[in-house]
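Residue numbering for the sequence shown follows my numbering, starting at 13 and increasing by one per position.
Please note that a few of the clues may not be correct.
Stated by the list, open to error - Have a look at the derived ranges for each label pair, beta carbon to beta carbon:
1) 32 with 62: 29 to 37 Å
2) 55 with 23: 36 to 44 Å
3) 25 with 77: 50 to 58 Å
4) 62 with 42: 27 to 35 Å
5) 23 with 79: 35 to 43 Å
6) 64 with 42: 28 to 36 Å
7) 17 with 52: 42 to 50 Å
8) 21 with 66: 51 to 59 Å
9) 39 with 63: 30 to 38 Å
10) 71 with 35: 35 to 43 Å
11) 81 with 49: 21 to 29 Å
12) 81 with 18: 50 to 58 Å
Just so you know, these hints were derived from the structure itself, not from any lab. Even glycine gets a Cβ: it sits at the ideal position worked out from N, Cα and C.
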Amino acid sequence: VISAPVPWSLSYKEARLWQSQHLFVTCPIMVQMQDFWNERLSCLRFVKLENLKSTTWSLPLPPSEFEQFVQ
Numbered sequence: 013v014i015s016a017p018v019p020w021s022l023s024y025k026e027a028r029l030w031q032s033q034h035l036f037v038t039c040p041i042m043v044q045m046q047d048f049w050n051e052r053l054s055c056l057r058f059v060k061l062e063n064l065k066s067t068t069w070s071l072p073l074p075p076s077e078f079e080q081f082v083q
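Input sequences plus hints: build the corresponding full structure.
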């Protein structure tokens, strides 16, 4: 299908370029993933098991010591 240039083509390309350079969310799935993270998983923290195992504390850790490690 061949079509004539539309009047908004340039502004669309400029807006998409700006978004890809500044917002990093040009894909709708990424927006959904970010919303899911913010709604359901934002209270979680990542912990490297290697770092946790290499601590001088003995496992299992009491909750208060684990909180110190995570922060």
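Going down the list of hints, with the structure as the test:
no.	hint	verdict
1	32 with 62: 29 to 37 Å	holds (35 Å)
2	55 with 23: 36 to 44 Å	holds (40 Å)
3	25 with 77: 50 to 58 Å	holds (54 Å)
4	62 with 42: 27 to 35 Å	holds (29 Å)
5	23 with 79: 35 to 43 Å	violated (50 Å)
6	64 with 42: 28 to 36 Å	holds (30 Å)
7	17 with 52: 42 to 50 Å	holds (43 Å)
8	21 with 66: 51 to 59 Å	holds (56 Å)
9	39 with 63: 30 to 38 Å	holds (32 Å)
10	71 with 35: 35 to 43 Å	holds (41 Å)
11	81 with 49: 21 to 29 Å	holds (22 Å)
12	81 with 18: 50 to 58 Å	holds (56 Å)
When each numbered hint is compared with the structure, a violation occurs for hint 5 only.
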